[in-house]
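**Student:** Here is what each chain is made of, one letter per residue.
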Amino acid sequence: MTIDSNKLFKDYLSDIKNYDEVLKPNKEINQNWNTLLENISTIGDEKLKSLQSEIDWLMAENGVTYNVYNDPNGLNRPWNLNIIPFVINEDEWKEVERGIKQRAELLDLILKDIYGERKLIKNKILPPEVIYEHRGFLRHCDQIKYTTAKSLMIYSAEISRGPDGRMWVVNDRTQAPSGMGYALENRFTTSRIASELYNNINVKQPSAFFNDFNQMLIDAAPKDVENPNIVILTPGPHNETYFEHAYLSSLLGYPLVKGNDLIVRNGFVWMKSLDGLKKVDVILRRVDDVFVDPLELREDSYLGIAGLLEVVRNQNITVVNPVGSGVIENSGLVPFMNAICNYFFKEDLILPQIASWWCGQEKELNFVLKNIKNFVVKRIDRSNRESLFFCEFLSEVEIEVLKKEILKNPCRFVAQEKISFSSAPTYINGKLEPRKIVCRTFSIAKGNGYTVMPGGLVRVASERKELRVSNQRGGVSKDFWVISNELQTNIQQYTWNSSQNISVSDINDLPSNTAENLFWSGRYLGRALVTSRFIRMVLNNMNNEQYNSRKSESEILNYLYKAITNITSTFPGFVGEGSEKTLENPLKEIQSLILDENRIGSLAQTLNSFNNSYYSLRNLWSKDMWRVFDSIKKLWRNYNADEQPSIASLTKLLDRTVTRLIAFMGLIEESILVNQGLLLYFIGLQMEQATMNIAKCRSLIVFNYEEQLNYEILESLLSSHESLNIYRYSYRSYLSIDNVVNLVLLDKEYPKSLSYQLKRIEKDIERLPIPKGTLGFSKSLETIRVANKLIKNVDSITLLNLNEDKTLRNNLEDLLSELSDLLHETSLSISNTYFDHTYQQTQMVKQKIVI
Amino acid sequence: MVYKVIHTTQYDYEEGVTFCHNMAILKPKNILGQRLISYDLQISPKPVEFSERVDFFGNTITRFSIQEHHKQLKVSAISKVDRNILLCPSIDDFEAAKNITLSESLELLKGVSDEILEARQFQLESVLIKNIDEKIKAYAEVSFKPDRSVYEASYELMQRIFKDFEFNTTFSNVATPISEVMKEKKGVCQDFAQIAIACLRSVKLPAKYVSGYIETLPPPGKEKLIGTDASHAWFSVYIPTFGWLDFDPTNNQIPKNQHIVVAWGRDYYDVAPLKGVLYSSGKSTLRVSVDIRPDGGYQQTQIKIPGSSSQQQQQQQ
Chain A
648 MTIDSNKLFK DYLSDIKNYD EVLKPNKEIN QNWNTLLENI STIGDEKLKS LQSEIDWLMA
708 ENGVTYNVYN DPNGLNRPWN LNIIPFVINE DEWKEVERGI KQRAELLDLI LKDIYGERKL
768 IKNKILPPEV IYEHRGFLRH CDQIKYTTAK SLMIYSAEIS RGPDGRMWVV NDRTQAPSGM
828 GYALENRFTT SRIASELYNN INVKQPSAFF NDFNQMLIDA APKDVENPNI VILTPGPHNE
888 TYFEHAYLSS LLGYPLVKGN DLIVRNGFVW MKSLDGLKKV DVILRRVDDV FVDPLELRED
948 SYLGIAGLLE VVRNQNITVV NPVGSGVIEN SGLVPFMNAI CNYFFKEDLI LPQIASWWCG
1008 QEKELNFVLK NIKNFVVKRI DRSNRESLFF CEFLSEVEIE VLKKEILKNP CRFVAQEKIS
1068 FSSAPTYING KLEPRKIVCR TFSIAKGNGY TVMPGGLVRV ASERKELRVS NQRGGVSKDF
1128 WVISNELQTN IQQYTWNSSQ NISVSDINDL PSNTAENLFW SGRYLGRALV TSRFIRMVLN
1188 NMNNEQYNSR KSESEILNYL YKAITNITST FPGFVGEGSE KTLENPLKEI QSLILDENRI
1248 GSLAQTLNSF NNSYYSLRNL WSKDMWRVFD SIKKLWRNYN ADEQPSIASL TKLLDRTVTR
1308 LIAFMGLIEE SILVNQGLLL YFIGLQMEQA TMNIAKCRSL IVFNYEEQLN YEILESLLSS
1368 HESLNIYRYS YRSYLSIDNV VNLVLLDKEY PKSLSYQLKR IEKDIERLPI PKGTLGFSKS
1428 LETIRVANKL IKNVDSITLL NLNEDKTLRN NLEDLLSELS DLLHETSLSI SNTYFDHTYQ
1488 QTQMVKQKIV I
Chain B
-8 MVYKVIHTTQ YDYEEGVTFC HNMAILKPKN ILGQRLISYD LQISPKPVEF SERVDFFGNT
52 ITRFSIQEHH KQLKVSAISK VDRNILLCPS IDDFEAAKNI TLSESLELLK GVSDEILEAR
112 QFQLESVLIK NIDEKIKAYA EVSFKPDRSV YEASYELMQR IFKDFEFNTT FSNVATPISE
172 VMKEKKGVCQ DFAQIAIACL RSVKLPAKYV SGYIETLPPP GKEKLIGTDA SHAWFSVYIP
232 TFGWLDFDPT NNQIPKNQHI VVAWGRDYYD VAPLKGVLYS SGKSTLRVSV DIRPDGGYQQ
292 TQIKIPGSSS QQQQQQQ
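The listed protein sequences derive, respectively, from chains A and B. Counting from 648, one number per residue, gives the positions in the first sequence under our numbering. Counting from -8, one number per residue, gives the positions in the second sequence under our numbering.
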């Protein structure tokens, strides 16, 4: 194939400004790309386009997302994967790998030295300010000793090809490097969708690497721990790479926990689970250094575990990577790296780095200030974003400001030569464009050395001219192929025996945070469903009224409006003060109860609350669930709230919401095991439905109406309950209050009756573990049993007796109100027993000090 | 001179605390000119975990956890210290060091001897002393001139802070930025020490924060010194060829036998006497008392700082 003959490459040639991965300076094609280019051209223009959109679709479907901070629309942005992979030959890769391993070994020794003897400083290899001026140097971690052979367990080097055609190291990531999960998902996606790309190409697979990764975590456990308990610590759903945290949790089978799931007691770290406290041995953390221990580090942090560092010091827990490792994400080290390498290994660095000048010495400082326009200036402790200055693009004024800033704290700055890194073909708008790329590689400690993932995560500049390459700015990624001359086995194993005691599929080990989110997912979904159905029923009645203007129509509507306010607890609404005014334009109030997400009790607000629980649990959800959930979100996003809402459009919205909610709820039941926590979801769901059931009955059938109205009220109740057909089937009769109460409240077999729901709650609560220290007593079980006894012993004859003036069914009201209280109490005691609200972390001396 | 110091911190919690993790830096140093004779840390309720370690700056950190439900936490550090400043070298005996100028100092600080390397980290900004602005630098430069002796300039800086700043216990708290203190010119001992340190670092001199106690029994006919009833703080400047020299800007004097050293750090953040994370929801009240007097008999006074926990702080005066 020649480039010229290929339509896809139409403008490629003229677009190339720098070194290109495919086209050599003499316009010859780099042979490593030959087969791939042939495959691309066989696939052809049209097919390529459809494959790319299939990839985009699959990424969205699978919920592969990336959060962008400080961007209101940046939450859960779909991950972009470009269909054209980046290719590197195994022979070249071996050399790169050797260089990465050397650097990993070196950084490990530096890390040990910085928090240990500080020989590098004492022997004048490294100026002390490079360390002491770096905000990642945590003096609290000084002299901590670790049991693992390597302190730096995970290392991510970012590499790019320089103008000389060699791979250069651009950045070091050492705190909690992200991207492994994305890299794996990229691989799964391209191999699933674009298998034609692989024809006649032997791509090295990363499955062995993930096996090693798992083994590394197990081996990292403190001494004498046989089957270590491993957890993954996440800052939560708002973190930029939360998808990956949940992904690794599912892949590796370790619980995903937040700081408040863990606690330090008796010198160990414990996970709060439904069953009580479980000892934790290894934490794979994705929380940054300064946030992991509010006792010793950032005191206002709610992402960490108070007292963690002391447990680390006593070697009763292993944190991967160790706290304090952020100090070697340090561009101030770069100019000294070769000297350090010679100091430790008596050899030079294998991989070149960008020429860098640390401003902490007078000579270098003056040189930088004099030639500043040629440099990219960075803070030594921030490798991206705010503190990166491309001086050639700065105005004179900006340059002066920057110079002043440097002069104030010269030790904090480094100037780097500006380098044009290579570009690789990227499929954009139907053709291939040369775009600059950065490859993130992943290494982990293995035995006495390191092992490197074959491949990694390739990120592409978002604009053709863009110099910075960062996901934060919403970039595109690529699969990273290391091509072997030998046939690769296609059998990949991503399951392994996990020997730990904490199991992700044992209800006893469910982290209490997860349990709470599941419980509330059930409650919110139940509430959303019942509310949608009820309002939809009322809208239908309003619609009828427009055509018939019988007296009872508007009378029944008044009762139904009031019932809406009652069951959604959105007072005053149609009930309290100012209700006359609200009743003048009932549709406006109903619209607000559906759409106003700032109103507590509204449907929109309930769905939003569910949304939050949902994202916190994403490691549990299946791919189908993502799709359905997404369709609910799209439905609501696309509903144009600005247009004058009509009964018809709102009804349509509710209709679709109900259908999708039911589909979603069905999927939950088949996707999650009861012991994974589905039990908690069920309890929440039933509890909410029972509560709403009671609320409906209390606002509709406790009162006595004249006959026609009575009939219509009963019909509305049954229709909001989706029970009209069942009623007709069961009773084959005119609607009567006795039969309706029997069906909706007392029937023991009908799943939508209160009696059934209460029994079900009791059975589910019975299955919950009884936490240690409660002497086998479960208050929630006690309470729900009282409720069940109450409804079981109801005298159905006197239940419906009217009061003296024949307006009210006193006995019914008393029963329902008592049951409502008991349910509320049950819910509270579940919260108190299992969800751990008693531990609210506060500082002894409240202050916000940024370290 | 032997002193007995009792430093008591007491928290009363409205709602009770289920458990807490704490760190304390209360143990006086054992250094040249100051011998620690005895030290006892009494904690109630009794902690389940208790350990001591020496931190990065050489201070003793006590770490403890209380796991039982409690409504009151009381921490008393009882120390006996023998202070004899005569054992320490006096700057008056080092005429050359006393006369060393700012520009000479800065030149010497480029050196790489162990002592210089160690001192250099105190030239840098720190957690609470950062964003040192032009105003602070200008204030420092009134005293610090390239050809003037660092000793003289530091002495003058101490005098100026003593004169220019108003001692005011209600204005600041631990998190008040130094620029604010500089602007309002009021605060307590920790603010004065930190302002002085900021000034010294603005002209690139290494400066340390020193926390401790001061004996305040007035000699007959003299006024009582400020700083009693609470822990105290001052600053120390590094003078090349001599070493560290302390100054107390709150009392306008070079610390002698009346000053007892507990800890050194870059600023207050490194040496907070007692901090912790606790699990509770209610408000709390803090009481701190410090009693220091020549060994044998003492009289107790207390200050009470009421209010919600967000207003609380352990103030050093």
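I should point out that these hints are in silico values taken from the structure, not numbers from a laboratory. Be a bit skeptical, because a hint or two may be false.
Which chain A residues face chain B? A few, computed with CB under 7 Å, are given here [unchecked claim]:
| no. | residue |
| --- | --- |
| 1 | I772 |
| 2 | P775 |
| 3 | E780 |
| 4 | R786 |
| 5 | I791 |
| 6 | K792 |
| 7 | Y793 |
| 8 | G914 |
| 9 | A953 |
| 10 | G954 |
| 11 | E957 |
| 12 | I997 |
| 13 | Q1000 |
| 14 | E1202 |
| 15 | T1489 |
Idealized CB from N, CA, C, for every residue including glycine.
**Student:** Does the closest beta carbon of chain B sit nearer than 7 Å to the beta carbon of A:Q1000?
**Tutor:** violated, 25 Å
**Student:** If you take the shortest Cβ to Cβ gap from A:I791 to chain B, is it below 7 Å?
**Tutor:** Hint violated; A:I791 Cβ to chain B Cβ min 10 Å, cut 7 Å.
**Student:** Hey, does the A:E780 contact hint survive, CB to chain B under 7 Å?
**Tutor:** At about 5 Å, which falls below the 7 Å cut-off, the nearest Cβ of chain B leaves the hint on A:E780 intact, so it holds.
**Student:** So, as I understand it, the hint says A:Y793 touches chain B; can you test that by seeing if any CB pair is closer than 7 Å?
**Tutor:** It is violated, given that the least Cβ distance between A:Y793 and chain B is near 16 Å, above 7 Å.
**Student:** Minimum Cβ distance from A:E1202 to chain B below 7 Å?
**Tutor:** violated, 49 Å
**Student:** Under the criterion of a CB-CB separation shorter than 7 Å, is A:T1489 in contact with chain B as hinted?
**Tutor:** holds, 6 Å
**Student:** Is the interface hint for A:P775 satisfied, with its Cβ closer than 7 Å to some Cβ of chain B?
**Tutor:** Holds, about 5 Å.
**Student:** The hint names A:I997 as touching chain B; please verify it with the least Cβ-Cβ distance against 7 Å.
**Tutor:** violated, 29 Å
**Student:** Per the CB criterion, is A:G954 less than 7 Å away from chain B?
**Tutor:** holds, 4 Å
**Student:** With 7 Å as the cut and Cβ atoms as the points, is A:A953 at the interface with chain B?
**Tutor:** At about 4 Å, which falls below the 7 Å cut-off, the nearest Cβ of chain B leaves the hint on A:A953 intact, so it holds.
**Student:** Against chain B, run the beta carbon of A:I772 and see if the smallest gap drops under 7 Å.
**Tutor:** Violated, because the Cβ-Cβ distance from A:I772 to chain B comes to roughly 11 Å (cut-off 7 Å).
**Student:** At a threshold of 7 Å, is the proposed contact between A:E957 and chain B supported by beta-carbon distances?
**Tutor:** Nearest chain B Cβ about 5 Å off; hint holds.
Of the numbered hints listed earlier, those contradicted by the structure are 1, 5, 6, 7, 12, 13, 14.
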